[in-house]
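Engineer: Sequence order for the protein chains is A and B. Using this note's numbering, the first residue of the first sequence is number 136, and each one after it goes up by one. Using this note's numbering, the first residue of the second sequence is number 33, and each one after it goes up by one.
There's no promise every hint is true.
[Claimed, not checked] Simulated crosslink set (EDC-like; lysine to aspartate or glutamate; CA at most 16 Å straight-line):
#: 1; chain 1: B; residue 1: K185; chain 2: B; residue 2: D212
#: 2; chain 1: B; residue 1: K465; chain 2: B; residue 2: D261
#: 3; chain 1: B; residue 1: K385; chain 2: B; residue 2: D81
#: 4; chain 1: B; residue 1: K194; chain 2: B; residue 2: D150
#: 5; chain 1: B; residue 1: K280; chain 2: B; residue 2: D212
#: 6; chain 1: B; residue 1: K465; chain 2: A; residue 2: D223
#: 7; chain 1: A; residue 1: K415; chain 2: B; residue 2: D102
#: 8; chain 1: B; residue 1: K91; chain 2: B; residue 2: E77
#: 9; chain 1: B; residue 1: K280; chain 2: B; residue 2: E130
#: 10; chain 1: B; residue 1: K472; chain 2: B; residue 2: D457
#: 11; chain 1: B; residue 1: K215; chain 2: B; residue 2: D227
#: 12; chain 1: B; residue 1: K465; chain 2: A; residue 2: D215
#: 13; chain 1: B; residue 1: K449; chain 2: A; residue 2: D215
#: 14; chain 1: B; residue 1: K385; chain 2: B; residue 2: E77
#: 15; chain 1: B; residue 1: K91; chain 2: B; residue 2: D330
#: 16; chain 1: B; residue 1: K384; chain 2: B; residue 2: E365
#: 17; chain 1: B; residue 1: K465; chain 2: A; residue 2: D225
#: 18; chain 1: B; residue 1: K468; chain 2: A; residue 2: D215
#: 19; chain 1: B; residue 1: K230; chain 2: A; residue 2: D223
#: 20; chain 1: B; residue 1: K200; chain 2: B; residue 2: E213
#: 21; chain 1: B; residue 1: K111; chain 2: B; residue 2: D81
[To be verified] Computed, partial: chain B to chain A, Cβ under 7 Å:
#: 22; residue: N109
#: 23; residue: N131
#: 24; residue: V135
#: 25; residue: R240
#: 26; residue: P295
#: 27; residue: N299
#: 28; residue: G303
#: 29; residue: D307
#: 30; residue: A431
#: 31; residue: K449
Calculated from the structure, these hints are not laboratory results. Note that the structure is a prediction, hence the values are computed from the model and not measured. Yeah, the Cβ is synthetic: ideal placement off N, Cα and C, and Gly gets one too.
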Amino acid sequence: MNASSEVTRIAQRAAHATPDSIRRRLRGLSDRTITWLFISPAILLLLAVNIFPLIWTIYLSFTNFKANRASRGSEWVGLDNYRSVLGDPDIWHSMQVTSHFVIWSIAIEVLLGFALALLIDKRFRGHSLWTTVILLPMMLSPAVVGTFWTFLFQPQSGLFNHAVALLTGVDASSFQMIGDVALAPWAIVLVDAWMWTPYVMLICLAGLRSIPDNVYEAAEVDRASTWRQFWTVTLPMVLPFLMLAVLFRAIENFKMFDMVNLLTSGGPGSTTEVVSITLKREAFEKWRTGYSSALAIILFVTVFGAANIYVKALNAVKNR
Amino acid sequence: MMGNLRKMLFGTAMLAATSVASGTAAAKDLTLCWAAWDPANALVELSKDFTAKTGIAMKFEFVPWTSFADRFINELNSKGKLCDLLIGDSQWIGGAAENGHYVKLNDFFAKEGIKMSDFMPATVLGYSEWPKNSPNYWALPAMGDSVGWTYRKDWFSRPELKAEFKKKNGHDLAAPKTWDEFKQVAEFFQGREIDGKKVYGAYIFTERGSEGITMGVTNVLYPYGFKYDDPKNPYHMQGFVNSPDAIKGLEFYKSLYKCCTAPGMTNAYMGEGLDAFKSGQVAMMMNWFAFFPGLYKDPNVGGAKIGFFVNPSARGKGVQLGGQGISVVSYSERKDDALKYIKWFAQPDVQKKWWSLGGYSCHKAVLQDPGFPKSAPFAPDFLKSMEMVQDFWAEPAYAELLLDMQKRVHDYVVADKGTAKEALDQLIVDWEKVFKEEGKLK
Chain A
136 MNASSEVTRI AQRAAHATPD SIRRRLRGLS DRTITWLFIS PAILLLLAVN IFPLIWTIYL
196 SFTNFKANRA SRGSEWVGLD NYRSVLGDPD IWHSMQVTSH FVIWSIAIEV LLGFALALLI
256 DKRFRGHSLW TTVILLPMML SPAVVGTFWT FLFQPQSGLF NHAVALLTGV DASSFQMIGD
316 VALAPWAIVL VDAWMWTPYV MLICLAGLRS IPDNVYEAAE VDRASTWRQF WTVTLPMVLP
376 FLMLAVLFRA IENFKMFDMV NLLTSGGPGS TTEVVSITLK REAFEKWRTG YSSALAIILF
436 VTVFGAANIY VKALNAVKNR
Chain B
33 MMGNLRKMLF GTAMLAATSV ASGTAAAKDL TLCWAAWDPA NALVELSKDF TAKTGIAMKF
93 EFVPWTSFAD RFINELNSKG KLCDLLIGDS QWIGGAAENG HYVKLNDFFA KEGIKMSDFM
153 PATVLGYSEW PKNSPNYWAL PAMGDSVGWT YRKDWFSRPE LKAEFKKKNG HDLAAPKTWD
213 EFKQVAEFFQ GREIDGKKVY GAYIFTERGS EGITMGVTNV LYPYGFKYDD PKNPYHMQGF
273 VNSPDAIKGL EFYKSLYKCC TAPGMTNAYM GEGLDAFKSG QVAMMMNWFA FFPGLYKDPN
333 VGGAKIGFFV NPSARGKGVQ LGGQGISVVS YSERKDDALK YIKWFAQPDV QKKWWSLGGY
393 SCHKAVLQDP GFPKSAPFAP DFLKSMEMVQ DFWAEPAYAE LLLDMQKRVH DYVVADKGTA
453 KEALDQLIVD WEKVFKEEGK LK
């Protein structure tokens with residue numbers, strides 16, 4: 136019995152099992168109508184939880200609405216909120232902080248993640264155990280990571296400070312990772328890299344494992360050195376995976392909130408106030424709903440636009 | 033088989049009946065919302081008397097201070113029915129009154145004979161009135177509080193330290209009365225080794241996220257002469273917020289942070305202060321009076337080892353008001369029972385028991401009792417503090433005003449950004465923007 140006759144048999148059994156009343160109702164419906172019947176719940180859900188809030192946010196961004204004073208109503212203010220956001224030096228400062236965080240954390244994660252993937256790809260004794268150990272940080276909740284790194288960074292009792300003191304000989308309480316203007320931006324990069332390098336490693340590992348052995352065998356026949364093999368085989372074939380990892384991490388880090396909020400609350404001062412913390416403060420602490428909606432839309436368009444350009448570049452690399 | 037089915041049916045019916053009954057019981061409970069801290073436990077104990085007297089069971093929703101405002105302001109804004117009674121922060125009163133979150137209590141007070149003149153004037157102004165200085169009451173003063181200071185009395189009384197301090201500064205080592213004295217004492221203890229342990233001069237508030245650094249810096253700004261606005265021209269802040277005295281005050285707070293605090297205290301508020309003091313790290317600690325009963329009982333640093341003093345003065349006196357009033361939430365389905373609770377809570381006997389359990393009563397029957405100053409070692413300082421309290425803006429837009437000050441002060445004090453004058457000038461720009469949006473300033 137072939138597959139199509141089996142499908143027909145199952146369809147006939149289902150048709151027989153359908154009660155007469157329902158069968159009569161369905162008989163008049165076209166295939167297209169039935170298709171819509173099946174997908175409409177999913178579409179309705181999508182409209183309710185994604186599309187409607189987005190349209191509502193766009194509408195609010197043109198008003199002076201304040202959610203904590205909904206009874207006072209709102210007025211149409213045109214592009215005023217967008218002008219205020221784009222002309223606000225504090226927002227530009229937050230964008231700079233975010234850019235620093237995104238660029239450096241991704242650079243470190245990609246370098247270390249790829250290096251770890253190359254190491255783990257070589258089968259060695261205890262290989263599975265080490266893979267699991269390396270993956271542990273990314274399995275933790277960002278809230279947990281933020282909290283325990285806060286303890287690790289304590290100048291008087293923190294393990295990190297004492298480890299640095301042991302290695303360099305400086306006094307453990309002489310520097311403050313999350314309280315110093317110069318060090319705090321690097322503290323959040325460090326913690327993010329610690330947590331998410333394994334994720335990049337995992338994606339790179341998938342890329343490395345997807346390279347067929349015969350490509351390397353052919354390279355060896357051509358007497359290509361290990362270095363040459365890396366540049367002409369490994370890196371080009373892993374590049375799409377690497378680019379995918381960069382895309383995922385960039386989107387995630389652009390909207391990073393929990394870990395940074397727990398580590399520094401955006402401080403000292405506004406030194407580590409990434410744009411998601413600014414957005415939260417404007418929307419849910421200052422209750423400037425219209426203004427924060429405009430900011431959210433600007434961020435959405437920025438990420439969406441950048442991601443689209445990036446995906447096109449990714450496709451170009453894949454199609455080479 | 034039928035027997036089993038019947039048993040199942042009976043069991044299900046019983047379960048449903050029990051659920052309905054327990055649902056009804058739960059619905060009878062009166063829910064009181066507040067912050068999760070020591071006085072809240074005292075209130076649970078006190079409220080048992082209310083339940084015994086009225087038969088109304090109480091339920092409590094206590095939220096940690098760090099998320100207290102977020103949690104309950106969201107609850108009010110969404111017209112939630114979780115809280116029947118809310119002990120909300122003093123600065124919320126304007127917003128809660130204007131947005132209809134709290135029930136206005138004037139008629140109820142008149143009907144039940146509850147007089148605001150029975151409570152300390154500063155607490156009525158701070159916790160109950162909106163607009164300020166008008167007889168419109170939205171809460172009953174429930175928990176009096178202000179910033180105060182604890183110090184290590186045992187260290188201060190060591191002969192060798194006393195002699196060294198006197199030689200260096202020309203006066204006795206004692207609880208400081210002025211900010212200049214305070215700095216001398218803090219510098220004296222900073223980095224000193226006591227009982228084999230390195231200690232630090234002072235603990236002050238520096239928290240960035242909610243209200244910490246503002247609640248700390250104002251204790252220096254008020255005595256130095258900072259004013260929120262022109263008393264004759266409300267909402268006009270030039271020359272008041274950034275007066276030369278206010279600038280000096282802000283510079284002084286930064287100098288204290290730089291000279292005399294423990295490393296790492298860049299984002300620290302009440303909890304971190306308690307930890308620092310209890311672990312014997314600091315000589316003097318800024319914190320709310322609400323924590324002092326617990327500290328006095330602490331086995332390591334309490335009893336004879338701890339002393340208390342009021343906020344130091346400079347050109348004048350002043351200290352940050354804390355504390356809260358108790359309000360009836362207008363979205364509650366049990367407003368009548370909530371009002372019964374307030375009527376019961378306002379009684380002098382209940383207020384006396386409230387103080388004895390660890391809550392800070394605002395009732396004159398308690399505070400003006402001749403025995404009050406001797407009732408606890410921190411009681412006299414609490415009375416003095418309540419005579420000189422000042423509060424932050426209690427405007428409906430208080431949250432925006434507070435976050436602006438958090439940012440400007442933290443940027444200057446902790447992140448070393450700009451000068452004190454620039455920070456206060458920028459604060460005026462921020463606040464003027466808020467008041468213009470509010471329509472209170474042209």
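Engineer: Report the numbers of all earlier hints that the structure fails to satisfy, in ascending order.
Structural biologist: 1, 4, 9, 10, 11, 13, 15, 16, 19, 21, 24, 28, 29
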